[in-house]
Amino acid sequence: MTVLTRNNVVLSGVPDAPAIVFAHGFGCDQSMWRFVAPAFEGTHRVVLFDHVGAGGSDLSAYDPQRYGSLAGYADDVVQILAALDLGPVVFVGHSVSAMIGVLAAVRRPELFDRLVLVGPSPRYVDDVDYRGGFDAAEIDELLATMDDNYLGWSAFIAPVIMGNAGRPELGEELTNSFCRTDPAIARRFARTTFLADNRADLADVTTPALVLQCREDVIAPPEVGRYVHEHLAGSELVLLDAVGHCPNLSAPDQVVEAITAYLARVPSN
Amino acid sequence: MSPRTDDAWDRAPVALLRLDGDGTILDANRVLLDWVGRPAQGLRLSDLLSVGGRIYWETHLAPLLHMQGRVDEVAVELRGPDGRLPVLMSAVVHTGADGGRRVDVALSRATERSRYERELLAARTAADRSADQLRALQATTAALSQGVGTEGVARALVDVAVTHLGAATASVWLAADDGTLVRRASSGARAAEGTGVPDEPWTGAPHPRDDRDDGWAETAETVQVHAGGVVVVALGTPDAPRGTLVLSPRGDPFDVGVLTAVGQQAGLALERAERFDQKASVAHELQHALLTTHLPVDDRFSVTTEYRPGVQALEVGGDWYDAFLVDDDVLAVAVGDVVGRGLHAATAMGQLRSAVRAVAGPGVGPAELLTRLDRFVVQADVGFMATLAYAEIDLTTGVVRYACAGHLPPLRLTAGGAHEFLWDGRSTPLGVGTGRAEASAALDPGDLLVLYTDGLVERRDRSLREGLEALASAGAALLESSVAVLVTGLLERAPADLDDVCVLVATWSPTRP
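Residue numbers (numbering that gives the first Met the number 0), protein chains in the order written: chain U, 0 to 268; chain S, 0 to 512.
Worth double-checking, as some hints may not be accurate.
To spell it out: a stretch of chain U is covered by chain S in this simulated footprint if at least three of its residues, at any positions, have a beta carbon under 8 Å from a beta carbon of chain S; those stretches are [stated by the list, open to error]:
| id | segment |
| --- | --- |
| 1 | 22-33 |
| 2 | 239-251 |
DEER-style ranges, computed between Cβ atoms [what the hints assert, rightly or not]:
| id | chain 1 | residue 1 | chain 2 | residue 2 | range |
| --- | --- | --- | --- | --- | --- |
| 3 | U | Asp62 | S | Asp176 | 42 to 50 Å |
| 4 | S | Gly99 | U | Tyr129 | 31 to 39 Å |
| 5 | U | Pro14 | S | Glu468 | 53 to 61 Å |
| 6 | S | Thr94 | U | Arg130 | 52 to 60 Å |
Worth flagging that the hints you see were computed from the coordinates, not collected in a lab. C-beta atoms are modelled at their ideal positions from N, C-alpha and C, and glycine is treated no differently.
Model the full assembly from the supplied sequences, consistent with the hints where possible.
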């Protein structure tokens, strides 16, 4: 089992062009980049992967200890980049993967050219002088909900999809392919994600970064995006006219435009 | 959009909502308003959900709606005036009249289903727990049955504790003769660094258990929980344990029920192992005593022997050797193999060995010796089907008279490097003889005569012929060295198998300076 099989790494785009890596967040897999990644295939080497436990990754590689902290996931990112040897990459991380990218870039800055953080949050739970959006009891409630929703979670392993007249392109091939996740691993990932506190790591980042923030997002509210921007030296903040936590799905055009403009505006590191 | 007025919308037995592309509620029917107890228009659907449901919606359901256009029968909870209301959500995406994205949502009450799910979840948890317990116990049983002797059982116990019982570290303490507990085995990540395993058997007072009412209370004496989650399991009966198993937890707390059963199983395994050790020890001592008689010393010859127990030789085998002077000028050498193992084989071997010495004598010769041994075997009912290679070397002439009762042929190695298996003088094993044969061969000064048991040449992965060839070539190659080196070399090339190996090498050198 190589790192590339373990994390279901998929390559596309221009072989020798600068590389751009897309990392999915909690709750889904690499398919959540399906409306964004293709826009870079004409100009970049495009790398997609699944975190261990999600999508087409090797579930048997899931080690509760290793993935009990985001450092384990950051380690995987470093291993993937080292195995691919594509030179410094543009790393686009959504949600929890934004912070995973931050940790990886702190550990191995030479592997990263620029960071794009979509809906990042260094800490979801409120603290003294910090508003993350949730109190501890609420996160406990989340974990309890995940326990309760046994049947619902199982359904995501093999979602039943009826025909969709409105979007015929989302046809049969997508059955069973979205956001496959092992319920037990998803519960652990939720714990790892929502109990993490990586605020102190922001100061150690030397890689230029773009923060993409939706104007309304209950998971990572605008003030959290601003916090990340203010604590990342040399970062830029772009507010998207989008609602929700997944602008890569709800407003992919804005996301593509913001990333393209940033890459053109901010020179390679 | 103006409020809907058609009856079907408000009379539906389910709550209905229409959302815009952002998830903002454009319209909701009366059922929903009753359930949430407040106006919903302008809110986002996730605002109506419990916190867990909100995160679930944002991280899972909204993305799925974008990608697959619908979700079906997902359990979430609404926040209503009377607390949380479990509902099942189905939602489908379509394009509105204005070309914008719309999401239609139906929520049906799931109080019953929620209860059913909880019961299902509880049943699954219980089933998982039972399966885990069963797996742990099966692994323990398998491991303990593999452990040979007390050391082997202790080793198996700490290993299985780390691999299957959820221990970070494990150590086994067993009562020594004076009653004090001595650590006999330890395992675990931190044990390797020598820091983590408690370096005492933890006989102190345990922490009060907080799960006295869970049905395991009656077994609390077998398993004691100490500070830091360290657990001490009595091995055997709690009032008279053979020792303790000390475990530190890796993550989740230990399963007291499993550990109780492990303690009982390990107690029985240790009891068996101790009996085994005692028997093996007696048999070993007996065999050792029988084989360490003084071999004759003379300028005209030398005799070297080696005995190597098999790999798992806690049980002794029945291999033996002997060398003695029949008269002033005749040296007798013998190597034999008694059927069976253990104490019984050791005693039979001793009796047979004495019988050979008793019936040998001037003028008897190998064939007559075997005939007399047959009578002994039948009369004394000892050593039936035992095999024996016996040779008498005339120390003045070098002539060898020999006979093999069901035994592998002696090997003659010449000083020049040639070899010869002495295949003549063969007959059946002892006790079934119908006529005994003998043959003779001649040794030149400096020649070696090698007698051995089958453990030296027999191996599962090759034929006996190949085994003999290997022995001959190895012997010839080693001829340059001393006899001791030759024997050691032969044994090194012998298969590391379960069988015992016994070798005797005699040299004849009448002209030794």
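Hints versus structure:
1. 22-33: Held - the segment 22-33 of chain U has 7 residues with a Cβ nearer than 8 Å to chain S, which meets the minimum of three.
2. 239-251: holds (count 7)
3. U:Asp62 with S:Asp176: 42 to 50 Å: holds (44 Å)
4. S:Gly99 with U:Tyr129: 31 to 39 Å: holds (37 Å)
5. U:Pro14 with S:Glu468: 53 to 61 Å: holds (60 Å)
6. S:Thr94 with U:Arg130: 52 to 60 Å: violated (37 Å)
Hint 6 from the list above is the single one not met by this structure.
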